[in-house]
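Student: Using this note's numbering, the letters of the sequence shown correspond one by one to residues 2 to 285.
Some hints could be false.
[Stated by the list, open to error] Pairs of lysine to any residue, SDA-like flavour, derived with a Cα cap of 25 Å:
id: 1; residue 1: Lys99; residue 2: His197
id: 2; residue 1: Lys252; residue 2: Glu142
id: 3; residue 1: Lys151; residue 2: Asn80
id: 4; residue 1: Lys52; residue 2: Gln83
id: 5; residue 1: Lys255; residue 2: Thr169
id: 6; residue 1: Lys166; residue 2: Lys52
id: 7; residue 1: Lys99; residue 2: Phe141
id: 8; residue 1: Lys99; residue 2: Gln31
id: 9; residue 1: Lys255; residue 2: Lys185
id: 10; residue 1: Lys151; residue 2: Glu181
id: 11; residue 1: Lys52; residue 2: Ser30
id: 12; residue 1: Lys144; residue 2: Asn80
id: 13; residue 1: Lys255; residue 2: Asp139
id: 14; residue 1: Lys166; residue 2: Gln31
id: 15; residue 1: Lys62; residue 2: Asn86
id: 16; residue 1: Lys185; residue 2: Asn86
id: 17; residue 1: Lys99; residue 2: Phe15
id: 18; residue 1: Lys52; residue 2: Glu33
id: 19; residue 1: Lys166; residue 2: Lys61
id: 20; residue 1: Lys252; residue 2: Leu145
id: 21; residue 1: Lys252; residue 2: Asp280
id: 22; residue 1: Lys61; residue 2: Phe200
id: 23; residue 1: Lys172; residue 2: Phe148
id: 24; residue 1: Lys151; residue 2: Asn86
id: 25; residue 1: Lys166; residue 2: Asn86
id: 26; residue 1: Lys112; residue 2: Glu33
id: 27; residue 1: Lys255; residue 2: Ile161
id: 28; residue 1: Lys61; residue 2: Leu116
id: 29; residue 1: Lys185; residue 2: Asn26
id: 30; residue 1: Lys144; residue 2: Val189
id: 31; residue 1: Lys62; residue 2: Phe200
[As the list claims (entries may be wrong)] Label pairs and their in silico Cβ distance ranges:
id: 32; residue 1: Phe96; residue 2: Val45; range: 20 to 28 Å
id: 33; residue 1: Glu54; residue 2: Ser30; range: 16 to 24 Å
id: 34; residue 1: Gly206; residue 2: Lys255; range: 22 to 30 Å
id: 35; residue 1: Asn80; residue 2: Cys247; range: 31 to 39 Å
id: 36; residue 1: Glu43; residue 2: Glu149; range: 21 to 29 Å
The set of hints was computed from the structure by calculation and includes no laboratory data.
Backbone N, C-alpha and C fix where the C-beta goes; we use that ideal spot for every residue, glycine too.
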Amino acid sequence: MLQPLEVTCDADFFVNCMEFFGVLNSSESQHERVLASLNRIENVDVRLLSKAEYILSNRKKVTWDVSISDILINVPWGNEIQQWNLACEIGTLLFSSKCDTGPLLTDDEEKSYILKNLLESISNSSFSMGIQFQDISDHFEVKLNDFEMKMIMPSNSEPITIFEKFNTSIKLASFIIPDESIWKQLEVYVSLSSLHAQFSPSIYGAFLGLIAYLDNLQPKSEPVCCETLDPCNVTSNGPRNPVFGCCVNVKFEKVSLLVDLANDEEDSAALIFSLQELDIWYVL
């Protein structure tokens, strides 16, 4: 449990972290090599069961229960003359693990319980039919209370509110087998009671400036000169990486958007959009 927490995201540090994690992602661990070797099994049911047995045999159960209060995240950018700052305030952030295997089980009992269900599914010819089993996914829940986003600009004396305070609940289900595309690797369910947002040309320009600023910080790779290749002579070095599948469902009870057409000037005109019971689905 942390209270309070204030973070300033330096753009240079952020880009360096992205490059560091990019290098880590380019390497392959022994765990990933073993899973890749199991891809040679053509039978889908046998392959998934083999991967599940391997993952569960090396898996340690970790339960998360994190609570952070009074969070302030600052994202500054600009130059010596003009400075912008994107500020996110969160009253409380709660992150916890969810267990859906029924009664509390030990690690060995839970592994046996999961494998038993998989074997029953295979015997019933239903394992590879695209059904998302709750037992073979990690479940988490994130709650944000009193989340608010503001923009500080050099042209305005007061911060501009982009998102007024709201509460949200986010439920995550992550499939434990990372390199199988027949099932969704990640399912996200977001629920918001109400969301009030503000938009204007100055806010739009500020976000474009932030994107351009981050883009300029990234090192520009030099073009690689190579010979023109004949497509008929190009062969694959190995199996293609599986497609990462995800499903996102966002439900709003009420959404309100105020669009300032005159860019926060006097005698400005504005458009107000209001929706109720908005349901958004995104599937990849």
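Student: If a hint holds in the structure, say so; if it does not, say that too.
Tutor: For each hint, the structure was consulted:
A hinted pair counts as satisfied when its Cα atoms are at most 25 Å apart, and lysine 99 with histidine 197 does not qualify at roughly 30 Å. Only pairs whose Cα atoms come within 25 Å are accepted, and lysine 252 paired with glutamate 142 is accepted, the gap being roughly 16 Å. With a C-alpha separation of about 20 Å, the suggested pairing of lysine 151 with asparagine 80 holds against the 25 Å cut-off. With a C-alpha separation of about 54 Å, the suggested pair lysine 52 and glutamine 83 falls outside the 25 Å cut-off, and the hint is violated.
The suggested pairing of lysine 255 with threonine 169 holds, with an alpha-carbon distance near 12 Å, which does not exceed 25 Å. At most 25 Å may separate the alpha-carbon atoms for a hinted pair to count; lysine 166 and lysine 52 exceed this at roughly 44 Å. With a C-alpha separation of about 5 Å, the suggested pairing of lysine 99 with phenylalanine 141 holds against the 25 Å cut-off. Among the hinted pairs, lysine 99 with glutamine 31 is inconsistent with the structure: their alpha-carbon atoms are about 28 Å apart, more than 25 Å.
The suggested pairing of lysine 255 with lysine 185 is violated, with an alpha-carbon distance near 28 Å, which exceeds 25 Å. Proximity of lysine 151 to glutamate 181 is assessed by CA-CA distance (about 40 Å); at most 25 Å being required, the pair is judged violated. Note on lysine 52 and serine 30: the hinted pairing holds, with a Cα-Cα distance of about 16 Å set against a maximum of 25 Å. Under the criterion of a C-alpha separation no larger than 25 Å, the hint pairing lysine 144 with asparagine 80 is inconsistent with the structure, at around 35 Å.
In summary, the hint linking lysine 255 to aspartate 139 is not supported, as the alpha carbons are separated by about 30 Å, beyond the 25 Å threshold. Taking the CA atoms of lysine 166 and glutamine 31, the gap is about 45 Å. The hint is violated against a cut of 25 Å. For the proposed pair lysine 62 and asparagine 86, the alpha carbon gap of about 40 Å is over 25 Å, so the pair is violated. Between the alpha carbons of lysine 185 and asparagine 86 the distance comes to roughly 37 Å, so the proposed pair goes past 25 Å and is violated.
With a C-alpha separation of about 31 Å, the suggested pairing of lysine 99 with phenylalanine 15 is violated against the 25 Å cut-off. Distance check on the hinted pair: lysine 52 and glutamate 33 sit about 11 Å apart at the alpha-carbon level, within 25 Å; holds. With a C-alpha separation of about 38 Å, the suggested pair lysine 166 and lysine 61 falls outside the 25 Å cut-off, and the hint is violated. Among the hinted pairs, lysine 252 with leucine 145 is consistent with the structure: their alpha-carbon atoms are about 15 Å apart, no more than 25 Å.
Proximity of lysine 252 to aspartate 280 is assessed by CA-CA distance (about 5 Å); at most 25 Å being required, the pair is judged to hold. Distance check on the hinted pair: lysine 61 and phenylalanine 200 sit about 46 Å apart at the alpha-carbon level, beyond 25 Å; violated. Only pairs whose Cα atoms come within 25 Å are accepted, and lysine 172 paired with phenylalanine 148 is accepted, the gap being roughly 17 Å. The hinted pair formed by lysine 151 and asparagine 86 meets the criterion: a straight-line CA distance of about 8 Å does not exceed 25 Å.
Taking the CA atoms of lysine 166 and asparagine 86, the gap is near 18 Å; set against the 25 Å cutoff, the hint holds. Pair hint lysine 112 plus glutamate 33 holds up; C-alpha atoms about 20 Å apart against a cutoff of 25 Å. Simply put, lysine 255 and isoleucine 161 have alpha-carbon atoms about 22 Å apart, close enough for the 25 Å limit, and the pair holds. With a C-alpha separation of about 16 Å, the suggested pair lysine 61 and leucine 116 falls inside the 25 Å cut-off, and the hint holds.
Straight-line distance between C-alpha atoms of lysine 185 and asparagine 26 comes to about 21 Å, which keeps the hinted pair within the 25 Å bound. Among the hinted pairs, lysine 144 with valine 189 is consistent with the structure: their alpha-carbon atoms are about 13 Å apart, no more than 25 Å. Our distance criterion of 25 Å between C-alpha atoms is broken by lysine 62 and phenylalanine 200, whose separation comes to about 44 Å. Look at phenylalanine 96 against valine 45: about 34 Å separates their beta carbons, and that is not inside 20 to 28 Å.
Between glutamate 54 and serine 30 the C-beta distance comes to about 19 Å, which sits within the given range of 16 to 24 Å. Taking 22 to 30 Å as the suggested C-beta distance range, the pair glycine 206 and lysine 255 conforms, at roughly 28 Å. In this structure, asparagine 80 and cysteine 247 meet the distance hint of 31 to 39 Å, their C-beta atoms being roughly 38 Å apart. Our hint of 21 to 29 Å for glutamate 43 and glutamate 149 is violated, since their Cβ atoms are close to 53 Å apart.
Taken one by one, the earlier hints fail for this structure at numbers 1, 4, 6, 8, 9, 10, 12, 13, 14, 15, 16, 17, 19, 22, 31, 32 and 36, listed in ascending order.
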